[in-house]
Amino acid sequence: MMQVTQSRPLIVDRLTKTYPGGVRAVRGISFEVAEGEIFGLLGPNGAGKTTTLGVLTTLVRPSGGRALVAGLDVMDEPLAVRRAMGVVFQDSVLDNDFSGLANMRLHARLWRVPEGRIAPLLDTVGLTGRAHDGVRTYSGGMKRRLEIARALLGRPRILVLDEPTLGLDPIVRSELWQMIRALQAGQGVTVLVSTHYLEEAQGVCDRVAIIDQGKIIALDTPSRLIADLGQHVLEVGVGADPAPVLAMLRPAPPGLGEPMRTGSTVSVPSSLPAPELTGLAGRLDLTTAGATTISIRPATLNDVFLHLTSAARARTGVLA
Amino acid sequence: MTAASGFAALYRRRLSVSLSQPAALAGQILTPVLWVLVVGPALNRAFGGFTHQVDYTSYVSLGQIVFILPFSAMFAGLTTLFDRDFGIMRELLVAPIHRAVIPLANTAVVLTVAAGQFAIIVGLALARGAHFATTPARLLTALAAAALLSAGVYGLAEFLVYTIKKPQAFGTIIAVIGATPYVLCGAIYPIAVLPAAVKWLTWALPWTHTVALLRYGLMSDTAAGLHQIWPGDLSLTGAALLSLAVVAAFAALTQTAAHRAFTRTTLK
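Top line first, the protein sequences correspond to chains A and B.
Read in order, the letters of the first sequence correspond to residues 11 to 330 in this note's numbering.
Read in order, the letters of the second sequence correspond to residues 76 to 343 in this note's numbering.
Treat the hints with care, since some could be wrong.
[What the hints assert, rightly or not] Computed footprint of chain B on chain A, listed as stretches where at least three residues anywhere in the stretch have a Cβ under 8 angstroms from a Cβ of chain B:
1) 84 to 93
2) 100 to 110
3) 119 to 131
4) 182 to 191
[Stated by the list, open to error] Just some of the chain A residues that point at chain B, by a computed CB distance under 7 angstroms:
5) V70
6) R71
7) V97
8) L290
Honestly, the hints are just simulated from the structure, not real lab data.
Where a beta carbon is used, it is the ideal one built from N, C-alpha and C, also for glycine.
Turn these sequences into a full structure, and let the hints steer you where they fit.
Next comes the structure, spelled out in structure tokens:
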């Protein structure tokens, strides 16, 4: 059993959720989030991320285990839990017929915070000039910024962001992450974020948990997870038949990890430094096995994610 | 956070949603105006001669209340549907308020709009020459009946919103529930003229009891029609109380069902 630390803003302990009909969305996950940390929940669609966030935000009733937010059990004290957190949902949850200011005012009334807090927050997210405009006229990025400002209005101890950059263009996504980082640093809020954009999670999150099929399959800092996989990835372009290349890489030569095929690419993690890996790739003579391209690049969280989730699926017999 | 403060914020927001849009505001006000000034007189010319004991202008204007108020209540379900599927519902669900306050605030706004429409219908009917006679107790009975019917129909609308998965289906139901009972309940003509089999159906409709109570509250005993529902040997007060109980039971039933459906769908 996890040793729970009451002072932690978020504690999830052996949490399970089985929906009516028998779908087991979450299967005994445990993690803690430290004060002021940005913690990422990563996983493929249907992994259990949204259900986990649902339990923490009191929208989903857990089937087993427990979840504590700011030391409060989500089942026993849901109102106090909701007061302790701000939530930004995956899709826009705004009153589109009203202005940005009106949306903020409603939140202020519901959370019973002074409306004087609205103006500085709108200024922080760059919406002061559009505060009186209807939300319907806002761009996707502006709506997101408004929702983040709104979520921070009640001075939450924990900010929950469910896929905050989904559907936004790369520039807006980058700006949004910078803003979240700055707000987190400025307000000292703890952030729990789920995202599909792993390269963004790598740059923003202090620690991440990778969830697959309702279970946590890895939990650490992005840099340590990458180091565990290997600092580099050997990427081999293959034609219609990847079998000869895969046969050459199995069993894995010393210094190489398990090869994984994604489309027309076979990627192999490696703990070797780049020059040694280049030499090894040359000695393997992969072109004779049909390799069309060979490249070496630094490993990313995306590689960690792909290798761990494909390995987990291989173990359980689920094809990726 | 007290339940009352959450209620006030939600009430204010929902009232703004109902009244801030010019089209919505026009619909809420112009519909009763149109019915009282145009449809009512037309019905008077068509059916007004069915009895010399009753002033048909007064009779049909009260009948219009059981069309306008329930129809508005059903339409209010669309706002709830929009909030659930495309709007702000999840923001409200993660607010530090008792969630039961959300449907209560919605119902309160429906009742507020209903009160305004009731006043418009009665006021315009008086301007058109209708004659109403009442006592404080009878007026209270009429107002209670109208409020309970509105709350009951809105409860039904909310129950359907949280039960029906497809928004398109709700649009069809609005027309069925909004219009059919009005035609059958004795709003335009006495239910005594209906075939016996249909009469049984009308007696089960809260609309029928409400329109009878409105006439009991605001018109003469003859016009009430309560004795077309209940046995003739029952006192008029007794019949009014029984009809009020039917409408209250309807409101309690649909509001309870709505609350359960809301809880079931919002806490998975």
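Structure-based check of all given hints:
Counting residues of the region 84 to 93 of chain A whose beta carbon lies closer than 8 angstroms to any beta carbon of chain B gives 4, which reaches the threshold of three, so the coverage claim holds. With 6 residues bearing a CB less than 8 angstroms from a CB of chain B, the region 100 to 110 of chain A meets the requirement of three and the coverage assertion stands. A stretch counts as covered by a chain when three or more of its residues have a beta carbon under 8 angstroms from one of that chain; for the region 119 to 131 of chain A and chain B the count is 4, and the coverage holds. Given as covered by chain B, the region 182 to 191 of chain A fails the check, having 0 residues with a CB less than 8 angstroms from a CB of that chain where 3 are the minimum.
For the restraint placing V70/A at the interface with chain B, the shortest Cβ-Cβ distance is roughly 5 angstroms, inside the 7 angstroms limit, so the hint holds. At a threshold of 7 angstroms, the smallest CB-CB gap from R71/A to chain B is about 6 angstroms, leaving the interface hint in force. Given the 7 angstroms rule on beta carbons, the hint for V97/A holds: about 5 angstroms separates it from the nearest Cβ of chain B. Below 7 angstroms, beta-carbon pairs count as interface contacts, and L290/A has none with chain B, the closest being about 51 angstroms; its hint is therefore violated.
When the structure is compared with the earlier hints, violations turn up for hints 4 and 8 and for no others.
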